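Visitor: Residue numbers (this note's numbering), protein chains in the order written: chain E, 1 to 204; chain H, 1001 to 1221.
Treat the hints with caution; some may be incorrect.
Simulated restraints, written as ranges between beta carbons of each label pair [said to hold, decoys possible]:
1) H:G1183 / E:Y75: 53 to 61 Å
2) H:N1004 / E:F46: 37 to 45 Å
3) E:A79 / H:T1104: 41 to 49 Å
4) H:L1015 / E:E32: 55 to 63 Å
5) E:N161 / H:A1091: 24 to 32 Å
6) H:P1027 / E:L176: 35 to 43 Å
7) E:S69 / H:L1213: 34 to 42 Å
8) H:N1004 / E:L189: 36 to 44 Å
9) E:V93 / H:R1212: 47 to 55 Å
10) H:L1015 / E:L118: 54 to 62 Å
11) E:H109 / H:T1132: 45 to 53 Å
12) E:F180 / H:T1184: 39 to 47 Å
13) H:R1212 / E:L15: 46 to 54 Å
Looking from chain H toward chain E, a few residues come up when the C-beta cut is under 10 Å (computed) [to be verified]:
14) S1038
15) M1112
16) T1119
17) I1120
18) L1127
19) A1142
20) I1143
21) V1146
22) L1151
23) L1155
24) I1158
25) I1159
In short, the hints are calculated from the structure, not lab data. The model shown is predicted, which means the values in this text are computed figures rather than measured ones. C-beta: ideal position from N, C-alpha, C; glycine also.
One letter stands for each residue in the lines below.
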Amino acid sequence: MLEWRQRHALFGILLYVFSTVFVINLMVKEPEDKMWNAMFWVVQLFVCVNAVAKSFLQESRGRLLYFYSLVHPRYFIAAKLIYNVLLMTLFSVVTLVCCILFLGNPLTHGLYFLGVVLLGGISLSLLFTMLAAIAAQASQNAALMAIMGFPLIMPILMLLNNISQSAFAPVVQPGLAGMFLLLGGMDVLVIALALILFPFLWKE
Amino acid sequence: MAKNWWKIACVLILLYVIIGGFSVKVPSIGNNQQAARSIFFHLPMWMCMYTLLAISVVNSVWYLATNDLRRDIRASSAGSIGVLFGMMGFATGMLWSTYTWGGTIVNDPKQMTTAIALTIYMAYLVLRLSFTDLDKRARVSAIFNVFAFALLIPLTYIIPRMVESLHPGSATSPGFSSQDTAGTIKMVLWPAFLGWTLLGIWIYTLRNRYKRLVLKNILHG
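Bound conformation, chain E alone (with noise of 0.2 Å):
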C-alpha cells in the first residue's frame, strides 16, 4: 500500500522494462534461442536490481527507526521478502509478455518457461532483497549493491540459464530434476538466512 504512493518507481520500471527489451529488438531484431534466452535472464536480473533495490534504498531513516519501533526484524523481513516475490512476480510476467512481443517467440514449452520464469523472479527477488538490506547499511550502496550481488547471484543466474534451455527444445535434458531441487534449496537457504541474520542487521 505504502508502495503504491511512490507509483512513479513502480512505473518507471515498467518503462524501463519495456524501454530495454524495445532497444535489443532495435539491435538484433530477432535472436535465435540461446540469444534470445540470455537476452531475456539479462534482462530479468536488471529489473529485478532496480525494482528490489529501491526496497531498501529509498526508505528514509527515519521510516526505518519508525518500523523498527513497530514490529520485530523478523516480522519485517519477512513482510519485505514477501512483497519483493510479489513485485518480481509481476515484473517477470510483464518482461516475458514483453520479450516475447518484441522479439518473437521461440518457446516450444510456453507454460514451462512461464513456470521457470517465476521461480526465477523469486529466487532473483528473495535474493537482492537480502543483499539491499546489507547495502542500505553501507555508504555507497547503489554500487555495492552491484559489488556484492552480481557474484552472488551467478549461480542462480546459471542454474535458471541451463533449466530454461529445456523450454526451447522437444528432448528432454538430463538432470533437470536435480537443478530445481537446487534452485529450490538455494531458495530456501536464503530465506532462513534472511530470517536468522536480519535482526542483527538492525540493531543500532
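We have chain E already, so just place chain H on it with the hints.
Guide: Then chain H, alone, in the frame of chain E:
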C-alpha cells in the same frame, strides 16, 4: 619454543612435500603424465582455503553473538588469507590444465563455480573496505560472510559433483586414488594437506596479530 613446535613441523613437512613431490614415482594416469605431480600443490591449496574460510565464518558467527571486535579481526584475516590460497589454488590449477587439458581456462564447471566463489569472497573484501565505522563494518561483513560461506559449499562441492566435469572425482570421471596402486601419491598427498594447511594457519595468525595491533592503535590512540 614449546608453542612453536607446529611451525617447525610445518616447515619440515613442506620440505618433505616439495622434495618428495618432485622426486617420488607417480603412476601415469590418462594424459596427466608427470603433470600429475601438481596434485601435491593444487589440492592442498583448496584444503587450506576451506579451513581458513571455515575459521572465518565461525568467527563471524561468534562476532554476531558476542560483538567482540577481535572476532571480526580474526574473521577478516582468515577470509583474506583464504582468498589468497584460493587464488593460488586457481593458479596452480590453471598451470596444470595448460598441460593436461590444453588451456588455462577450459569450459569446466568446477573451474567456473570456483571462480564465482572466489569472486564472492572478493566482494566480501571490497565490502569491508567500503565502511568507515568499525562496528558497522564488522556486523555487516559478518552477515555477508555467512552468506558467502553458505554459497561456497554448494558451489565448489555439490554442483561440480553433479555435473560432468574434466576434474577427477566428478559425476563421470573417477578420482585418482583408484589408479594409485603403489600408494606413492597418498604418501606425499596427506602430509601435503597437513603442511599447507599449517602454513595457511601460520600466515593467518601473523596477519591476525598485526591487525589486532592496528585495532589497538585505533581504539587507544
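Visitor: Lying within 34 to 42 Å: is that true of the beta-carbon distance E:S69 to H:L1213?
Guide: Check passed, 40 Å falls within 34 to 42 Å.
Visitor: Restraint: H:L1151 near chain E, CB-CB cut 10 Å. Satisfied or not?
Guide: holds (6 Å)
Visitor: So, as I understand it, the hint says H:I1143 touches chain E; can you test that by seeing if any CB pair is closer than 10 Å?
Guide: Since the shortest Cβ distance to chain E is 5 Å, the answer is holds.
Visitor: Quick one, is the H:V1146 hint okay against chain E at 10 Å, beta carbons?
Guide: holds (6 Å)
Visitor: Quick check: does the Cβ-Cβ distance between E:F180 and H:T1184 fall within 39 to 47 Å?
Guide: Holds - the Cβ-Cβ distance for E:F180 and H:T1184, about 43 Å, lies within 39 to 47 Å.
Visitor: Hey, does the H:T1119 contact hint survive, CB to chain E under 10 Å?
Guide: holds (4 Å)
Visitor: With respect to the beta-carbon atoms only, verify the hint that E:A79 and H:T1104 lie 41 to 49 Å apart.
Guide: holds (47 Å)
Visitor: Should the interface hint for H:I1158 be scored as holding, given a Cβ-Cβ cut-off of 10 Å against chain E?
Guide: The hint holds - H:I1158 has a Cβ within 10 Å of chain E, the shortest such distance being about 8 Å.
Visitor: In this structure, is the beta-carbon distance linking H:L1015 and E:E32 contained in 55 to 63 Å?
Guide: holds (57 Å)
Visitor: Return the status of the interface hint for H:S1038: holds when the least beta-carbon distance to chain E is below 10 Å, violated otherwise.
Guide: violated (26 Å)
Visitor: So does E:V93 sit 47 to 55 Å from H:R1212, Cβ to Cβ?
Guide: At 53 Å between Cβs, range holds.
Visitor: That 53 to 61 Å hint for H:G1183 and E:Y75 (C-beta), does it hold up?
Guide: Holds, at about 58 Å.
The structure fails hints 2, 14 (numbered hints given earlier, in ascending order).
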